[in-house]
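Fit chain B to the known structure of chain A by using the hints.
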Amino acid sequence: MKKFNAYDGETVEEEKIAPLVEGVISTPIGEIKRLRTELNRRDTLGTIAVRIGIGRDYYRVPTGIYAVGNPTEDALVLVTANYKLTLDHVRRELEGLNMWILVIDTKGVNVWCAAGKGTFSTEEIIYQIKKCQLEKLVKHRQVILPQLGAPGVEAHQLKNYTGFRGVYGPVRASDIRVFLENNQVASKEMRRVTFTVKERLAVSVLEVASYIKYVSIMYILFFLLALIGGQKIIHSFITAFYNTLPYGGALVTGAFLTPLLLPYIPFRMFSVKGMVLGLILSNVVLRYPLVFHYVIDWPTLLGHGIALTTISAYLGLNFTGSSTYTSYSGVHKETIRVIPLMVVASIIATVLIVLGSLF
Amino acid sequence: MNYLKNVAAIRLDQDKCIGCGICLEVCPHGVFEMLQGKANFHDKDLCIECGACDRNCPVKAIEVKSGVG
Numbered sequence: 001m002k003k004f005n006a007y008d009g010e011t012v013e014e015e016k017i018a019p020l021v022e023g024v025i026s027t028p029i030g031e032i033k034r035l036r037t038e039l040n041r042r043d044t045l046g047t048i049a050v051r052i053g054i055g056r057d058y059y060r061v062p063t064g065i066y067a068v069g070n071p072t073e074d075a076l077v078l079v080t081a082n083y084k085l086t087l088d089h090v091r092r093e094l095e096g097l098n099m100w101i102l103v104i105d106t107k108g109v110n111v112w113c114a115a116g117k118g119t120f121s122t123e124e125i126i127y128q129i130k131k132c133q134l135e136k137l138v139k140h141r142q143v144i145l146p147q148l149g150a151p152g153v154e155a156h157q158l159k160n161y162t163g164f165r166g167v168y169g170p171v172r173a174s175d176i177r178v179f180l181e182n183n184q185v186a187s188k189e190m191r192r193v194t195f196t197v198k199e200r201l202a203v204s205v206l207e208v209a210s211y212i213k214y215v216s217i218m219y220i221l222f223f224l225l226a227l228i229g230g231q232k233i234i235h236s237f238i239t240a241f242y243n244t245l246p247y248g249g250a251l252v253t254g255a256f257l258t259p260l261l262l263p264y265i266p267f268r269m270f271s272v273k274g275m276v277l278g279l280i281l282s283n284v285v286l287r288y289p290l291v292f293h294y295v296i297d298w299p300t301l302l303g304h305g306i307a308l309t310t311i312s313a314y315l316g317l318n319f320t321g322s323s324t325y326t327s328y329s330g331v332h333k334e335t336i337r338v339i340p341l342m343v344v345a346s347i348i349a350t351v352l353i354v355l356g357s358l359f
Numbered sequence: 001m002n003y004l005k006n007v008a009a010i011r012l013d014q015d016k017c018i019g020c021g022i023c024l025e026v027c028p029h030g031v032f033e034m035l036q037g038k039a040n041f042h043d044k045d046l047c048i049e050c051g052a053c054d055r056n057c058p059v060k061a062i063e064v065k066s067g068v069g
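As given, the protein sequences belong to chains A and B, one line each in that order. Here the first sequence is numbered in the working numbering, starting from 1 and rising by one per residue. Here the second sequence is numbered in the working numbering, starting from 1 and rising by one per residue.
Next comes chain A alone, as it looks inside the complex (with noise of 0.2 Å):
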């Protein structure tokens, strides 16, 4: 059911905010919704989900102010983006501590992507200063801002246009406890982005899911080339099947392990990377083509090589747009000298597996 919401006159699903919400919190400026620290099974099964791509749409936040714990006119401010997951990230790590926090209208994106979009702005912060009448809640004059966020904000304009003081926290919410026990004083390690096994592996598995469509579409265009080569229909299903393997092989070379295995492939190029674990593919691939149901002939054999190592290369580029370490002047210069080959090769491997099944 939806309803419409007080907070920021968007129409949000009340009843599935609700579990997020324990009691409230009575305050100079009116109730205001205390959150859980923890996060229940209800939020790991959510999380899941948006994760592959259902309910999306839930998972934005109505903006406004929050309670963690029981907080009073001295507690701390913390800003942060309207995303369920970044919402969840940061209650979770707030057990215990009293304090408020303020979520901006980020689109219901994260912080760091929604500071590069400029959603995450100083402008939004110091709309929801004023609308939630901070002033009037907290005695203090600063808030405690993500560092991610930085990119959108000028925090130095903040103080200008509202009396209160931007501080830069940690980058992770892990860290935020340790940087309020430390005087507000994050450490080199709390300032830097990392991406480690774990976060590469995390975004490689949704690139490899987002692009399973593409190995059914490679299927349907090996059924299609079997037919036309001339097999009957129940054969064609099965050579398909057997042809797309290897394919399937190169998605996950190039938006799998490519990602995983990043620091020890060498060169700086991603597409490289890419096509070093593709030409190792094609090369275990090509040694055994009956496995594949491939058509012994050179050409189709070349093409196929071609093909599976040019995809690897391709998804490695990709991986550029997920990384935490590329800039855009570098992805940039690395598209423009790496696409055009890839095109080429493209064609090339195309001509030659198709004229060598036909022929």
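The set of hints was computed from the structure by calculation and includes no laboratory data. We treat Cβ as the ideally placed atom computed from N, Cα and C, and that holds for glycine. It cannot be assumed that every hint is accurate.
Unchecked claim - The calculated DSS-like cross-link candidates involving lysine-lysine, where the alpha carbons are at most 25 Å apart (straight line), are:
hint, chain 1, residue 1, chain 2, residue 2
1, B, K38, A, K117
2, A, K107, A, K139
3, B, K60, A, K117
4, B, K38, A, K188
5, B, K44, A, K188
6, A, K333, B, K5
7, A, K117, B, K65
8, B, K65, A, K333
9, A, K159, B, K16
What the hints assert, rightly or not - Reference excerpt, derived from the structure (chain A facing chain B, CB under 8 Å, subset only):
hint, residue
10, G116
11, V153
12, R165
13, Y168
14, V171
15, V193
16, P263
17, Y328
For chain B alone, kept in the frame of chain A given last:
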């Protein structure tokens, strides 16, 4: 982990720098260091052009051509 060398579109004007250190604070990759009271490049190749330093520098001593993301 390092990406391509000598491509980062970032400029630092040390004459303008007042040594407040906010760039060291907001940079997620440790591009800057403090040298004799002024910001200095520790490793320019680590820059991902997020633009955090550019936005938060109160004297506009840093310029980044930042992309989206």
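Which of the numbered hints are not met once you compare them with the structure shown?
Hint check: 1, 2 and 12 fail, others pass.
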